[in-house]
Each structure stands twice: as structure tokens, then as C-alpha cells.
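Visitor: So the protein lines, in turn, are chains A and B. Using the working numbering, the first residue of the first sequence is number 4, and each one after it goes up by one. Using the working numbering, the first residue of the second sequence is number 6, and each one after it goes up by one.
Treat each hint with caution, since some may be false.
Claimed, not checked - Dumping the calculated DSBU-like pairs for lysine-lysine here, alpha-carbon to alpha-carbon at most 30 Å:
| no. | chain 1 | residue 1 | chain 2 | residue 2 |
| --- | --- | --- | --- | --- |
| 1 | B | 442 | A | 142 |
| 2 | A | 143 | A | 184 |
| 3 | B | 104 | A | 142 |
Unchecked claim - Ranges of calculated distance between the beta carbons of each label pair, as one might list FRET restraints:
| no. | chain 1 | residue 1 | chain 2 | residue 2 | range |
| --- | --- | --- | --- | --- | --- |
| 4 | A | 166 | B | 77 | 20 to 26 Å |
| 5 | B | 212 | A | 177 | 54 to 60 Å |
| 6 | B | 448 | A | 202 | 42 to 48 Å |
| 7 | A | 105 | B | 236 | 44 to 50 Å |
| 8 | A | 112 | B | 359 | 43 to 49 Å |
| 9 | A | 30 | B | 46 | 42 to 48 Å |
| 10 | B | 37 | A | 209 | 53 to 59 Å |
| 11 | A | 202 | B | 449 | 41 to 47 Å |
| 12 | B | 110 | A | 81 | 54 to 60 Å |
| 13 | B | 448 | A | 105 | 36 to 42 Å |
| 14 | B | 102 | A | 166 | 47 to 53 Å |
| 15 | B | 52 | A | 30 | 39 to 45 Å |
| 16 | B | 110 | A | 109 | 47 to 53 Å |
| 17 | A | 82 | B | 74 | 56 to 62 Å |
What the hints assert, rightly or not - Derived coverage of chain B by chain A (criterion: at least 3 residues anywhere in the stretch with Cβ under 8 Å from a Cβ of chain A; other residues may be distant):
| no. | stretch |
| --- | --- |
| 18 | 16-29 |
| 19 | 204-213 |
No wet-lab data here; the hints were simulated from the structure. Quick caveat: nothing in here was measured; it's all calculated off a predicted structure. No residue lacks a Cβ here, since even glycine has one placed at the ideal position from N, Cα and C.
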Amino acid sequence: MSNLSSRSRVPLVLVGSPAQRDVNDAELAKSLIAGEAWAETETWRRFAPMVLTMAERALGSKPEADDLAQEVFARLFRRAHTLQDPNCLRSFVYSFAVRALKSQLRHRQLRAWLSFTSPDTLVDLRAITLDVESGDLLKKFYGILDRLSPRDRLVFMLRRVESMTMEEIACTMDISVSTAKRSMARASSRLSRWVDSDPALAALVEEAR
Amino acid sequence: MTAPDPAESRRLTTLVDMLQRAVNPPSEAELGLGLGALRARNARAARSKSWVRNLRPRGRPLLSAALVAALLVSSLLFLGLAYLRSRSSLPERLVAVDKIEGGELLDGGYLSETGDAGIQLSFNEGSSFALEHGARGRLRVVSAEGARLALEHGTVACRITESHEHRWSVEAGPFVVSVRGTDFEVDWDPTQEKLAVSLRRGRVAVSGPIVGDELVLKPGQNLTVSLPRRESVISEGRAGREPDARGATTPPQSRAVSGTDEQPLPAATASGEPQLKSGTSARASASAATENARAWREAIATGQWDRILADAERAGVATILATLTSEDLLALADAARYRRRGEVARAALLEQRRRFPSSPRSLDALFLLGRVEEQQGGKRLAIERYDQYLARAPGGTYAAEALGRRMILTQSVEGAASARRVAGGYLQRFPDGSYAKAARTLQQQPQAE
Chain A
4 MSNLSSRSRV
14 PLVLVGSPAQ
24 RDVNDAELAK
34 SLIAGEAWAE
44 TETWRRFAPM
54 VLTMAERALG
64 SKPEADDLAQ
74 EVFARLFRRA
84 HTLQDPNCLR
94 SFVYSFAVRA
104 LKSQLRHRQL
114 RAWLSFTSPD
124 TLVDLRAITL
134 DVESGDLLKK
144 FYGILDRLSP
154 RDRLVFMLRR
164 VESMTMEEIA
174 CTMDISVSTA
184 KRSMARASSR
194 LSRWVDSDPA
204 LAALVEEAR
Chain B
6 MTAPDPAESR
16 RLTTLVDMLQ
26 RAVNPPSEAE
36 LGLGLGALRA
46 RNARAARSKS
56 WVRNLRPRGR
66 PLLSAALVAA
76 LLVSSLLFLG
86 LAYLRSRSSL
96 PERLVAVDKI
106 EGGELLDGGY
116 LSETGDAGIQ
126 LSFNEGSSFA
136 LEHGARGRLR
146 VVSAEGARLA
156 LEHGTVACRI
166 TESHEHRWSV
176 EAGPFVVSVR
186 GTDFEVDWDP
196 TQEKLAVSLR
206 RGRVAVSGPI
216 VGDELVLKPG
226 QNLTVSLPRR
236 ESVISEGRAG
246 REPDARGATT
256 PPQSRAVSGT
266 DEQPLPAATA
276 SGEPQLKSGT
286 SARASASAAT
296 ENARAWREAI
306 ATGQWDRILA
316 DAERAGVATI
326 LATLTSEDLL
336 ALADAARYRR
346 RGEVARAALL
356 EQRRRFPSSP
366 RSLDALFLLG
376 RVEEQQGGKR
386 LAIERYDQYL
396 ARAPGGTYAA
406 EALGRRMILT
416 QSVEGAASAR
426 RVAGGYLQRF
436 PDGSYAKAAR
446 TLQQQPQAE
């Protein structure tokens, strides 16, 4: 040790990536576009919880949500160079996720149409941490959500469950604000009507309140 | 949370709140696994990309041609499927129930036997289901495409008229026997979780645990599947009994009860056990209760729990319990559970165990008794119920939930050291289950307490 220190007075420095948790979204986006490996890891760590949670809530299935997140990030890393404004990384990720969700819901509808499987059997609530009664209730609710069109369902979920503004929804889904508002109103009134007209569901909800 | 739309009903708001709370963000471990999978996927994609790049100089026209061919094939497939589907929606002759002998069809498709010769169900296009004496089942669907029978226990002999337009199936526990035109017999013993299928003519496909997606049987073959032993046996030889001989065979219910470790549970195992009336006065009002049974079942279906409970109490809980079917007992138990009426729920579930020991609902009742005890604060009793359920239905509908609840209760009653052992067992069986996160947290806790 003493020999080493006598040969060189230069302090030893660990060379590596920036303190990854400290970089802001814009810096992260620039590194992602530049193809730096740490940026992919950090993008996953920063945004995957949001995508996974949103997908699981929207689809009602953890395995499907996991698959969807993989698809979203694989596509995102391939298409990172198309991001125009590095400050908009978060909405960029959202738009990928929402597009993938919409496509997944359409595929589900098609699968249900082509096969003889009823849509409610596609819902898998095993991973959702609920008791049996609440699990039954949510399964019924997902059955009702399946009756909405993919767009109306997504607008409703993004607004009510993910707490996005109508402007954010419109921007993320690439539709006009007025279309988003119409979709929301339609989804809300239909769901309310369907929930209220299902006596068993209504009774269970009253009990859960 | 965003404020609800003015058009949104209060109930919808409650459901949205519940949905928001139901999903937890992924753990660090899950994120790590996801990242690993993503990297592996990207590496695979990079390898295939380089393979495609190698093909490019001379392969581009080849790839374009392959793409066009693939598109053509998929379009043809799609059209074919659409055609098949449109054909399936226009069957040659619509299926409908023609005649029921020896029983009647109650609400919800339940087949109730009126005599002791079994039930013969005939359809307009010549098919028939013959339920042996003592067998219980439910006609779940009769549609243009065919019919689906859910066999709760016992034996059913089926003769299905051959048709390419109709699809028929018999569900037995976790198994589904699908047919188009054939003559076969299905026996389901829910207590022993044992399925037997005998095929006399035609072709059937059995799907479910152990047998996989589609096990096809040939004429003369007999299939036996035992869930507890995890074995399936196909034997050749004379196929099962002729349906005409059904009256002469041993009633399945008695066969199912004997030779099993199922014993009715003691009527009073817990403090707070309901004080039920019994005897002559209860029997006297039983007929009145039966008269109201139909209206009462409708109330159950529409979720009028309070009305059901009020009716049950007016007629006397013991009276109602003695007259209800297995299905209605479970519904009453549900109504009582949702209204936190533990004593009524417990009584209905115990009655289910006592009167229908070989019904699959009897096993469900064991698990639900655990839920009731938990609601009532009886943690040790709840653990006992979950243990009983897990011992008798290790692969049952509620096995994951029962083991998960047992783990939580064990932690509360006996401490983390005991709960860790349960957590290990849980993770081994249900690594992606609802309680996996809690089990992992338990296992990661320091050992010394």
C-alpha cells in the first residue's frame, strides 16, 4: 500500500454512469436516445411500476400486465430516437403503454369473438390482494367493463383510476379533447346504468361501502 | 383520485375506489425479474435481427414474398374462421329440452329428482341425458348449439345424436367432457375427487387437471382420473353400464359417502353456535317454508339479503335449514356472511356439511366456515377449518386462499416463526398467488424474535 501511494498522488476515482436516481427525465431521455445501457435500466426502474400498475388495473390480470409491460419497454427502447422533446419522456412512455393497452383490449375482444370463450373467463384476479368477497365483486365489475368499447374503457380507466386530466388523456390517446370527453360521459353513464341494474352486484357494493 | 363524473352512480364510485386499492405496485424483486426478462427478450431480438440482416443482400425479395404469402394465408384463415363461426350460429336444428321424466327443472337449471328412478332428460333432436338415482346436476346451458350439463355428483349416461352443428359438454368438478355425437357415461365423486368416463360409441375429449387440454377417448375405452393420487388410467374392455340399467346400480351418493374420511362436523364446535329449534314444531312449519322457497330463491338471485334473513328468522332458522337445497343453503350462508350475521352463516354451512356431505359445496362450506370464524374473531377455529379444508381438498377452488389465510392467522396467533413454515409451503404451491408477497415478506424477516 505504501508503495502504491508513493508512486502516485492521483486520487482513485470510480468511473461509471451518473448517479442514476438523481438524473431528471430529460437527461435520462437523452442518454436513452444515445443508447447508454444504464439508461434502459433506469427507465425501467422509473416507469415500469406505473405501466405495470396501470395495465393490471385496466386488464384485471397480472400475467397479461407483465407481458404488456415487456412489450411496451421493448418497443420504447427501439423507438427512443423518435422522442422529439426529452422533457416529455413520461408522456412518451404513457402513450406507448396506452397504445399497447388499447391493442390488447381489441385482441381480447377478437379472441372472445373467434373462440367460444366468454370474456369474463379471461379475467385473472389471482394476483390481486383481496378477500374472496371483494374478488368476486371485482370480477363482476371487470365483466361489465368488458362490455365497453376499448376506447371508452381506456378513457374511463385513465380518468377515474389513473387520475389523468382530459387533456392528458386526449394527448396520450391521440384523440381530441371533445372526443375524450364524449367517451368519458358515455362510459360513465353506461357503467352506472349497468352496475345499478345488476341487483346482485348492487347489493354486494352496498355491503362493501 | 379524480372527482367522479356527475353522471356516475355512487355504486360505480365505490367499485372504482375498490379497483384502485386492489392493485399493489410491483415489489423490487418483481421489477428485477421483469428487467431480467426484458434484457433476455432484447438479446433474442438482437440475435434474430442480425440473422435477418445476414439474409438481406439476396433475401429481401424472398422476405417480401414470404410476407405476402403469410398475409394471404392469415386472411384465408380469418375468413375460414368467420365462415365456421357463421355456420355455427345457424345450426341445422335448434336444440331444446323435449321431455323430463323422473324429475323437474328448477330455477338456475337445477335438476331435482322427484322419484327414485333417476332423471331422464330428452332433447328434441334425439339426444338424452340419464341421471342415475341420487345423481345431482344442473343444466347450465341449452342453446342453439347444444347443451351443457354440470354434474355435481353421481353418474350420468349420455346419448348424443351426431351432428356437426352442435356442441355438447358435461362438466364434472374441474373436468369437461366435450362431445359431438356419441354414447358415453360420466361418473363424478366430488368427495374422492374421482372422475370415471366410459365410452361406448363415438368420440369424446376430456380436459382438466392431470389429463391436460384434450384427452381423446376411443370407443370401448374407460378413463379414471383421481385428483388426490394425481393419476389417470385408461383401460380397454366392456364400456360402462347401459343406461337402461341405471336403476339397478348402487346410488352414487351412498357409494361416495362410504369409504371416505369425510365425517359430518359436530353441530356445535364454537362458542356462539346458533341455538336452533328442532322437533315437531319446526317440522310443522316446514311446508310453509317450502311454499315460499321459489320466491325466496328469486330473492337470493337478486341479492335481497336482508329480506332473505328476515324470512329465515320469521320461519325459524332451523325450519328453513331443514328444507333448503344444497344450493340455497350456500346462498343463505352468503347472504348471512355479507350481512355479518355469523351465527346464521355458520348454521347454514354446518347444515350443508351435515345434509350434503358428498356435494362439492360441502367442501366449499368448510372453507367458508373458516371465513365466518375469522369474521367473528375466532382465529384458532378459523385455522382449524382451513386445515380441514386443505386436508380434504388440497387442489380445491379455495386452496390458495385457505393456505394464505392460514399463514396470516398463524402469524397473528403463533408468531412469525410458525407462519414462516406456512409461508414456505404457500410459495412452493402458489408462487404467484395473492399472498405470495406477504409470504416473501415473512420469509425475509429476521429469524430472531
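Visitor: Each hint: holds or not?
Guide: Against the structure, the hints:
1. For the hint pairing residue 442 of chain B with residue 142 of chain A, the CA-to-CA distance comes to about 21 Å; that is within 30 Å, so the pair holds.
2. For a cut-off of 30 Å, the pair hint linking residue 143 of chain A to residue 184 of chain A stands: about 26 Å separates their Cα positions.
3. Among the hinted pairs, residue 104 of chain B with residue 142 of chain A is inconsistent with the structure: their alpha-carbon atoms are about 36 Å apart, more than 30 Å.
4. Hint check: residue 166 of chain A to residue 77 of chain B, Cβ distance near 46 Å, so the stated range 20 to 26 Å is violated.
5. Between residue 212 of chain B and residue 177 of chain A the C-beta distance comes to about 42 Å, which lies outside the given range of 54 to 60 Å.
6. About 44 Å separates the C-beta atoms of residue 448 of chain B and residue 202 of chain A, a value consistent with the hinted range of 42 to 48 Å.
7. Roughly 46 Å separates the CB atoms of residue 105 of chain A and residue 236 of chain B, a value that falls within the hinted 44 to 50 Å.
8. The hint said 43 to 49 Å for the Cβ distance between residue 112 of chain A and residue 359 of chain B, and at roughly 46 Å that hint holds.
9. Under the hint 42 to 48 Å, the C-beta atoms of residue 30 of chain A and residue 46 of chain B, about 26 Å apart, miss the expected range.
10. As the Cβ distance of residue 37 of chain B to residue 209 of chain A is approximately 42 Å, the hint placing it in 53 to 59 Å is violated.
11. The hint said 41 to 47 Å for the Cβ distance between residue 202 of chain A and residue 449 of chain B, and at roughly 45 Å that hint holds.
12. At roughly 58 Å, the beta-carbon separation of residue 110 of chain B and residue 81 of chain A lies within the given 54 to 60 Å, and the hint holds.
13. Between residue 448 of chain B and residue 105 of chain A, the C-beta spacing of about 39 Å keeps the proposed range 36 to 42 Å intact.
14. Evaluation of the 47 to 53 Å hint for residue 102 of chain B and residue 166 of chain A yields a pass: the beta carbon distance comes to about 51 Å.
15. About 31 Å separates the C-beta atoms of residue 52 of chain B and residue 30 of chain A, a value inconsistent with the hinted range of 39 to 45 Å.
16. For the pair residue 110 of chain B and residue 109 of chain A, the supplied restraint of 47 to 53 Å is violated, since their beta-carbon distance comes to about 39 Å.
17. Roughly 28 Å separates the CB atoms of residue 82 of chain A and residue 74 of chain B, a value that falls outside the hinted 56 to 62 Å.
18. Evaluation of the coverage hint for the stretch 16-29 of chain B: fulfilled, as 11 residues show C-beta separations to chain A shorter than 8 Å, against a requirement of three.
19. Restraint check on the stretch 204-213 of chain B versus chain A: 0 residues with Cβ-Cβ distances below 8 Å, three needed, restraint violated.
Consistency with the previously given hints fails for numbers 3, 4, 5, 9, 10, 15, 16, 17 and 19, ordered from lowest to highest.
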